[in-house]
Amino acid sequence: MWYRKLISVVTIVLLASGLYAQTPVETLIEKYKGTDGAKNVLVQGVRMTLARRFLENTPVAPIASDVEELAILKMGAVPQNVRLRFVSDLKTALKTYKYYGTHPSKNGEVEVYVLPSGLETVKELVIYNPAVYNLNSFYGDFSVDDLLRLEK
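Per this note's numbering: the sequence shown = residues 680 to 831.
Hints may contain errors.
Said to hold, decoys possible - Distance condition first, Cα-Cα at most 30 Å in a straight line; then the derived DSSO-like pairs of lysine-lysine:
1. K777 with K712
2. K774 with K802
3. K785 with K710
4. K774 with K785
5. K785 with K753
6. K718 with K802
7. K802 with K785
8. K712 with K785
9. K774 with K712
10. K710 with K774
11. K712 with K802
12. K770 with K712
As the list claims (entries may be wrong) - Here are the in silico distance ranges between beta carbons for each label pair:
13. Q701 with G787: 25 to 31 Å
14. G716 with L798: 37 to 43 Å
15. Q759 with V725: 37 to 43 Å
I should point out that these hints are in silico values taken from the structure, not numbers from a laboratory.
Even glycine gets a Cβ: it sits at the ideal position worked out from N, Cα and C.
Construct all of the structure, not just a fragment, from the sequences and the given hints.
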């Protein structure tokens, strides 16, 4: 009868880990967040309420109310060999995302990617600026219509 208890525990652990599964970009940010010279910010929960006010004055305003988590990773000040490894890891992570092209920004062009979670919804918007090695991840449930309204 001990095996039933073991199976129950294993099932609970697998279900819990599935609920908290990270996206490939979230995993990448987690990997590099303690790197010397890197700067990272993770905003979620109560702090996200305050951050939404800031987001409402940015080009991502149409999705600001739906952002559940914001992760920012700046790799511009890390050693060159670390940046090269980061860029390689980022390319691998982004293979499961849909590329939406480049858009102008104040620090050069940014690359835009989305991680679809259905036909009409997206669960992650990723904006990467290769000129300054800045990676921004907006996690939530976004409608395709809201994403189409983002400023270009």
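Hint check:
{"no.": "1", "hint": "K777 with K712", "result": "holds, 24 Å"}
{"no.": "2", "hint": "K774 with K802", "result": "holds, 16 Å"}
{"no.": "3", "hint": "K785 with K710", "result": "holds, 28 Å"}
{"no.": "4", "hint": "K774 with K785", "result": "holds, 26 Å"}
{"no.": "5", "hint": "K785 with K753", "result": "holds, 16 Å"}
{"no.": "6", "hint": "K718 with K802", "result": "holds, 24 Å"}
{"no.": "7", "hint": "K802 with K785", "result": "holds, 26 Å"}
{"no.": "8", "hint": "K712 with K785", "result": "holds, 24 Å"}
{"no.": "9", "hint": "K774 with K712", "result": "holds, 21 Å"}
{"no.": "10", "hint": "K710 with K774", "result": "holds, 17 Å"}
{"no.": "11", "hint": "K712 with K802", "result": "holds, 22 Å"}
{"no.": "12", "hint": "K770 with K712", "result": "holds, 17 Å"}
{"no.": "13", "hint": "Q701 with G787: 25 to 31 Å", "result": "holds, 28 Å"}
{"no.": "14", "hint": "G716 with L798: 37 to 43 Å", "result": "holds, 41 Å"}
{"no.": "15", "hint": "Q759 with V725: 37 to 43 Å", "result": "holds, 38 Å"}
Comparing the model with each earlier hint shows no violations; every hint is respected.
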